[in-house]
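Enquirer: Chains P and R supply the protein sequences, listed in that same order. So that you can map any letter, position 315 of the first sequence is 315 in my numbering, and since no number is skipped, the others follow by simple counting. So that you can map any letter, position 54 of the second sequence is 54 in my numbering, and since no number is skipped, the others follow by simple counting.
Calculated directly from the structure, the hints in this document are not laboratory data. Honestly, I wouldn't trust all of these hints.
Stated by the list, open to error - Label-pair ranges, simulated between beta-carbon atoms:
#1 MET1/R <-> GLU320/P: 38 to 48 Å
#2 GLU171/R <-> ARG186/P: 55 to 65 Å
#3 PRO76/R <-> GLY132/P: 13 to 23 Å
Claimed, not checked - A short, non-exhaustive set of chain P residues, derived as facing chain R with CB atoms under 10 Å:
#4 GLY113
#5 ILE115
#6 MET177
#7 ARG186
Beta carbons: idealized from backbone N, C-alpha and C, even for Gly.
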Amino acid sequence: MKKQLMSGNAALGEAAVLSGCTCYFGYPITPQNELTEYMAKRMPEVPGGTFIQSESEIAAINMVLGASVAGARAMTSSSSPGMSLKQEGISYLAADELPAVIINMVRGGPGMGNISPAQSDYLQATRGGGHGDYRTIVLAPSSVQELADAVPVAFDLADSYRNPVIILGDGMLGQMMEPVSFDHIRQEKVYPKDYILTGAKGRPARKIHSLLFDTKLEEEHNWKLFRKYKGMEQNEVRFETFLVDDAEMVVIAYGTSARIAKGAIRRLRQENLKVGLIRPITLWPFPTNIIRETATRVKDFFVFEMSTGQLIEDVRLALEGRGHIHFYGRPGGVIPTPVELFRIVSRHYYQSQQVKK
Amino acid sequence: MMIKTIFSGFGGQGVLSMGYTVANTAMFEGKHVTYFPSYGVEVRGGTANCTVVVSDEEIASPVASEPDFVVAMNQPSFARFQSILQSGGLICVNSSIVNTSAARHDIEILAVPTSELAEQIGSIKVANMVLLGAFIRASSIVSFDFMIKNLSQILGEGKSQLIKLNKEALEMGFNYVKE
Numbered sequence: 001m002k003k004q005l006m007s008g009n010a011a012l013g014e015a016a017v018l019s020g021c022t023c024y025f026g027y028p029i030t031p032q033n034e035l036t037e038y039m040a041k042r043m044p045e046v047p048g049g050t051f052i053q054s055e056s057e058i059a060a061i062n063m064v065l066g067a068s069v070a071g072a073r074a075m076t077s078s079s080s081p082g083m084s085l086k087q088e089g090i091s092y093l094a095a096d097e098l099p100a101v102i103i104n105m106v107r108g109g110p111g112m113g114n115i116s117p118a119q120s121d122y123l124q125a126t127r128g129g130g131h132g133d134y135r136t137i138v139l140a141p142s143s144v145q146e147l148a149d150a151v152p153v154a155f156d157l158a159d160s161y162r163n164p165v166i167i168l169g170d171g172m173l174g175q176m177m178e179p180v181s182f183d184h185i186r187q188e189k190v191y192p193k194d195y196i197l198t199g200a201k202g203r204p205a206r207k208i209h210s211l212l213f214d215t216k217l218e219e220e221h222n223w224k225l226f227r228k229y230k231g232m233e234q235n236e237v238r239f240e241t242f243l244v245d246d247a248e249m250v251v252i253a254y255g256t257s258a259r260i261a262k263g264a265i266r267r268l269r270q271e272n273l274k275v276g277l278i279r280p281i282t283l284w285p286f287p288t289n290i291i292r293e294t295a296t297r298v299k300d301f302f303v304f305e306m307s308t309g310q311l312i313e314d315v316r317l318a319l320e321g322r323g324h325i326h327f328y329g330r331p332g333g334v335i336p337t338p339v340e341l342f343r344i345v346s347r348h349y350y351q352s353q354q355v356k357k
Numbered sequence: 001m002m003i004k005t006i007f008s009g010f011g012g013q014g015v016l017s018m019g020y021t022v023a024n025t026a027m028f029e030g031k032h033v034t035y036f037p038s039y040g041v042e043v044r045g046g047t048a049n050c051t052v053v054v055s056d057e058e059i060a061s062p063v064a065s066e067p068d069f070v071v072a073m074n075q076p077s078f079a080r081f082q083s084i085l086q087s088g089g090l091i092c093v094n095s096s097i098v099n100t101s102a103a104r105h106d107i108e109i110l111a112v113p114t115s116e117l118a119e120q121i122g123s124i125k126v127a128n129m130v131l132l133g134a135f136i137r138a139s140s141i142v143s144f145d146f147m148i149k150n151l152s153q154i155l156g157e158g159k160s161q162l163i164k165l166n167k168e169a170l171e172m173g174f175n176y177v178k179e
C-alpha cells in the first residue's frame, strides 16, 4: 500500500477525483483552501473535468446543482460561514432529489468567528441546515485516511439515495498532514441516471423542479422524502466502539474530539479507569441504537465536543432519560488536549463511583 | 514512544519544510506521524511554526502543549516556545540570530551558528537544513542515514536539482554536533 504525506484538504480532493468526481466548484475560505487549490491543479488532468472558482459560495452550490441535474458527480467545499451561504442550495438539492457531496471543514463561530478548528456546525449539518423538511447524511471522519475513505462512500450514498451528503470535518483535519493511501479508492458502481436532463430527443421530456403549488402534491413529496430518510436511518448508521465491553463510563465524541478522546482513554485505562468510547461516524443518521443498548449496562455517559453542547442533544434523545450525561465542551476554535480530557473524565469518573457507593 | 517537536521561525526561513522533511522521513520509516502547521495570518517575515508528532502507535492529537523538542530559527520563537518545552527538553536554536541568555535552567540548549555554517556552503537559503541536520543528530528522531539515502524521495519531485545542496547542508549541521 503506497502511502504519501498529505493534508486532509488535499486528500479529500484526490479521493474525489478517484471516486469519479468530474465537477468541482468552490469559493476560497480558510481552513479548507488547500482543497480548492488542489482541485484547481488536478481537475484539468481529469477527462471531462471542470474546476470553477465561483464568484461566491451561493454560486458554487448552484453550479453543483446544475452539474448534478446533468448527471455529473459534483462536489463543493467550504467552511462554516460559507456553509451558511450554501444552505439554500442544499435545500433545493434535497427537494429536487439530486446527488451531491458537500464538504464543511468547520471553524470557530458564530458569525465570522475565526479560522481555528471547531465542531459548532453539528446541529446545522444534522438537521438539514436549510429550509424545509429534509435531511442530509452527515459523515464525520477523524483522520486524513478517513477523510479520503469517506469521499467515495459519500458519492455512493448520494447517488444511491439521490440526496446531498455532507462530510463534516474541521480546520485541524483539513490542515493536518498524515500518511494516506488511495490504492483502494475507485468508482465501482454505476448508478442509473434515468432522471437527468440531457436533451429529450427521442424520449419523453423530463423536468426537475421543487416548486409544487398543489399542497397535496407537496405533502406527498414530503412523505416520499420522509420514507427515503427512514430508509437511511435503517441502513446507513455507522459508528465505532472502543473499549466499551467492560466500560463503566462511555465517552461519546466524533471527528477530531473522538481521536483526542481515544488518547485520553488510553491514559485512563493505564490508571485502571474503565472508560470506553462510542464514536458516531454518521452524525445523521445518528447511532441511537448502540447508545440505547449500552445504556442497559452503563449508567454514565460523557459527551465531549468542541462546541457548547450540540451532540449532547442527540445523546439525550438516544438515552430517553436513561443514565447520567456528563459533559465537557471547548468552543471557539480551541483544540483540547488528551491530557486535559484525561483529567476531566477521571474527576467525573471518581465522582460517579462515589455516588454509586 | 511518542515524540512531539515544534519547528518555528520567521515565515520564509523554511521552518515548515523542516517539519515536513522530518514527517516524510518518519512516514517512509514506517512510523505513525502527524504534521500540523500554524495557518492563517502567517506571512513572509511574520512567524511560522509547525508541530510534528512521531510515534510507534496511533496519534491522538497533532498538537503539542508540552513538546519534547523545539527548533527555533528566530528570537520570538525561542521566547515563545522555550516556555512550553517539557522540563529536561531540548531546544535547538539558530545562534547566529538568537540570544539564549534568558533561557530556562531546566532545559537543554543546542546552539548552532546556522547562518554562518550555511554561508560556508554558499547559500543562506539552506540554513534550515543545517539546523535540521544538527537537530537530528541531537534528537535521533529519525535515522539520519535513512534520510540522506532517500532524500530525493523525501523532498519530492521538483527539488531534484537541490538535492546535493540540501545533503551538504544536512551533513554540515549533523557533523557540527558530532564535534
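Enquirer: Against which earlier hints does the structure fall short, listed by number upward?
Expert: 2, 3, 4, 7
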